[in-house]
Amino acid sequence: MSFDTPDDRRYLESHEWALETDGVVRVGISDFAQDELGDVVFVELPDVGDDVSAGDAFGVVESIKAVSDLYAPVSGTVSAVNEDLFDAPELVNEDPLGDGWMLEIEATDESDELLSADEYADQIA
Amino acid sequence: MSDNASNGEKSRVEDAYYDQARYVRNGHYEPLLSEKDQTQVTIHDDDSPLPGHLTRDTLELPGLSEPELARHYTRLSQMIYGIDTGPYPLGSCTMKYNPKFTEDVAALESGAVHPGRSPETIQGTLELLYRLQGYLAQIGGMDAVTLQPPAGAAGEFVGIRVANAYHEHNDEGHRDEVIIPESAHGTNFATAALGGYNVVSLPSNDEGRVDLEALEAALSEQTAALMLTNPNTLGLFERDITEIAEMVHDVGGLLYYDGANLNALLGRARPGDMGFDVMHYNVHKTFATPHGGGGPGAGPVGVVDELAPFLPAPRVREAEDGYELFDPEQTIGHVHGYQGNWLVLIKAFAYIARLGDEGLLDASAKAVLNANYLASQIDYDVPYGPFHHEFVASAGEQDAADVAKRMLDFGVHPPTTKWPEIVSEALMTEPTEVESKETLDLLASAFRRASASDAETLETAPNRTAAGRIDQTSAARNPRLSWHALEDE
Numbered sequence: 001m002s003f004d005t006p007d008d009r010r011y012l013e014s015h016e017w018a019l020e021t022d023g024v025v026r027v028g029i030s031d032f033a034q035d036e037l038g039d040v041v042f043v044e045l046p047d048v049g050d051d052v053s054a055g056d057a058f059g060v061v062e063s064i065k066a067v068s069d070l071y072a073p074v075s076g077t078v079s080a081v082n083e084d085l086f087d088a089p090e091l092v093n094e095d096p097l098g099d100g101w102m103l104e105i106e107a108t109d110e111s112d113e114l115l116s117a118d119e120y121a122d123q124i125a
Numbered sequence: 001m002s003d004n005a006s007n008g009e010k011s012r013v014e015d016a017y018y019d020q021a022r023y024v025r026n027g028h029y030e031p032l033l034s035e036k037d038q039t040q041v042t043i044h045d046d047d048s049p050l051p052g053h054l055t056r057d058t059l060e061l062p063g064l065s066e067p068e069l070a071r072h073y074t075r076l077s078q079m080i081y082g083i084d085t086g087p088y089p090l091g092s093c094t095m096k097y098n099p100k101f102t103e104d105v106a107a108l109e110s111g112a113v114h115p116g117r118s119p120e121t122i123q124g125t126l127e128l129l130y131r132l133q134g135y136l137a138q139i140g141g142m143d144a145v146t147l148q149p150p151a152g153a154a155g156e157f158v159g160i161r162v163a164n165a166y167h168e169h170n171d172e173g174h175r176d177e178v179i180i181p182e183s184a185h186g187t188n189f190a191t192a193a194l195g196g197y198n199v200v201s202l203p204s205n206d207e208g209r210v211d212l213e214a215l216e217a218a219l220s221e222q223t224a225a226l227m228l229t230n231p232n233t234l235g236l237f238e239r240d241i242t243e244i245a246e247m248v249h250d251v252g253g254l255l256y257y258d259g260a261n262l263n264a265l266l267g268r269a270r271p272g273d274m275g276f277d278v279m280h281y282n283v284h285k286t287f288a289t290p291h292g293g294g295g296p297g298a299g300p301v302g303v304v305d306e307l308a309p310f311l312p313a314p315r316v317r318e319a320e321d322g323y324e325l326f327d328p329e330q331t332i333g334h335v336h337g338y339q340g341n342w343l344v345l346i347k348a349f350a351y352i353a354r355l356g357d358e359g360l361l362d363a364s365a366k367a368v369l370n371a372n373y374l375a376s377q378i379d380y381d382v383p384y385g386p387f388h389h390e391f392v393a394s395a396g397e398q399d400a401a402d403v404a405k406r407m408l409d410f411g412v413h414p415p416t417t418k419w420p421e422i423v424s425e426a427l428m429t430e431p432t433e434v435e436s437k438e439t440l441d442l443l444a445s446a447f448r449r450a451s452a453s454d455a456e457t458l459e460t461a462p463n464r465t466a467a468g469r470i471d472q473t474s475a476a477r478n479p480r481l482s483w484h485a486l487e488d489e
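Residue numbers (full-length UniProt numbering), protein chains in the order written: chain A, 1 to 125; chain B, 1 to 489.
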């Protein structure tokens with residue numbers, strides 16, 4: 001099975017993606033991650049205004065198989081969270097790279113361990 | 001996924017909504033009570049002494065006759081599965097059969113004393129509690145025991161609070177870390193976090209045991225405690241336990257014993273002798289009291305002498321002419337009303353007293369023998385051993401959850417699945433000491449038939465049970481938690 005790893009964004013080894021637009025970084029989990037997790041049933045996210053640190057856990061995603069921490073690819077202040085996920089966690093499975101996004105962060109710094117799309121694709125191959 | 005898939009998902013979810021609540025056996029469909037009769041019973045009671053705004057004259061009760069109701073519940077009871085109908089080999093849970101005589105003992109009128117009565121008038125009760133404290137201390141190799149905590153998890157919390165109070169008392173309150181093996185029970189992590197500690201997760205070595213080098217690296221002046229269960233979650237005895245205890249004690253930490261697997265050690269080895277300082281007893285696992293379900297339960301805690309002054313209040317001790325309640329000197333306080341869940345404790349006492357030394361030795365021997373016999377009779381690989389009272393097989397290329405569903409078709413309860421994660425597609429199996437060889441053979445046969453099942457059969461199983469495959473996703477995303485949720489449909 002092959003998974004979508006668009007090269008407009010970068011990735012963490014722990015399967016989060018980071019898509020930057022004008023200093024704001026949108027964060028979600030990869031197509032591979034949602035497939036591994038199986039049906040997502042619950043997503044716990046920080047509040048707007050909270051600070052997150054690159055490499056630290058910012059939330060939790062729960063599927064019928066497992067509960068996993070979500071790690072921040074960048075440091076900064078949370079400027080938006082995807083509230084749709086609270087009522088419709090299935091968006092993470094249906095559209096992990098689009099409507100299933102989780103956070104937007106006004107980034108001040110980024111992780112040293114961000115991977116390019118190619119590097120990430122190699123990791124999950 | 002495309003939009004089409006998304007719509008398909010929705011209609012599947014809606015279908016599943018209905019499937020979940022439907023029970024069919026031998027082609028006979030058993031409706032829900034609300035479907036059997038929509039009549040609402042109206043009650044007129046003008047004589048009520050209560051003010052009008054506090055009363056109502058309509059109750060949503062189905063208007064069924066007694067035989068209709070009796071048959072409804074009897075049919076439902078025929079569709080469920082429990083330890084009274086067959087083996088229940090859920091690994092780590094120790095679902096052993098609870099002998100019925102303990103219910104009789106707990107139901108004796110002499111047990112129905114109000115716990116608030118003055119100690120002089122409940123000497124029999126206090127003697128029983130005192131003797132149970134003693135039995136548990138002897139079995140665990142501990143010096144003092146509290147019977148107050150109302151559940152295993154509550155016992156864990158008390159244990160870690162006692163450890164905390166001990167460190168505080170010694171001006172060691174800076175210790176803020178609790179070390180826990182990654183394969184430990186989930187409650188251990190929750191207990192440490194709820195106790196205000198940072199959790200340090202410890203990897204296992206290739207043998208599935210505590211990795212001593214990793215432990216050395218994790219231990220420090222910050223270590224408050226190491227929480228362990230022995231035999232561990234893979235059923236393996238931690239052979240290095242005395243060395244582990246020494247390492248933890250050398251940095252000033254305490255060693256905590258999770259009593260989940262005490263069933264394997266009864267009468268043969270004692271946590272206290274291994275160097276553990278504090279432990280909780282899962283009386284519902286080891287001493288055949290009812291399993292949880294919200295309680296009431298009991299989770300006694302044992303400690304070594306140094307920690308005894310911090311135990312919850314009150315405890316029972318011998319006085320000049322009888323027994324009395326007392327508060328330990330530096331007690332962490334009360335953690336439950338009165339002396340704990342007394343009627344549960346009676347059952348644990350009755351079980352231990354009836355089995356006696358020989359019976360308890362026999363229980364641990366058969367628990368280990370049964371697990372090893374069963375493992376020898378199945379086709380799945382068991383990667384770690386030698387194990388004691390439970391084993392973790394791997395379903396290999398099969399999905400462990402499918403295997404579990406398939407086993408239901410052969411009339412037995414399946415093992416715990418997909419945990420611990422150290423074994424892929426884990427089938428964690430604990431037959432317990434109560435099962436006969438014939439029953440173990442029945443279980444083994446279910447394992448073998450599941451392993452021989454083709455992929456399609458596995459994915460659609462179970463096919464012979466009252467309810468088919470439960471849609472876990474819709475159950476988690478759209479839980480229906482009350483009667484009213486049915487009305488809203």
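If you are wondering where the hints come from, they were derived from the structure by calculation, not from laboratory data.
This structure is a prediction, so every number in the text was calculated from the model and none was measured.
Glycine included, every Cβ here is placed at the ideal spot set by N, Cα and C.
Any given hint could turn out to be false.
For the chain A half of the interface with chain B, some residues (derived, Cβ under 7 Å), not all of them [to be verified]:
hint, residue
1, Asp-39
2, Val-41
3, Ile-64
Evaluated hints:
no., hint, verdict
1, Asp-39, "4 Å, holds"
2, Val-41, "4 Å, holds"
3, Ile-64, "5 Å, holds"
Of the numbered hints stated above, none is contradicted by the structure.
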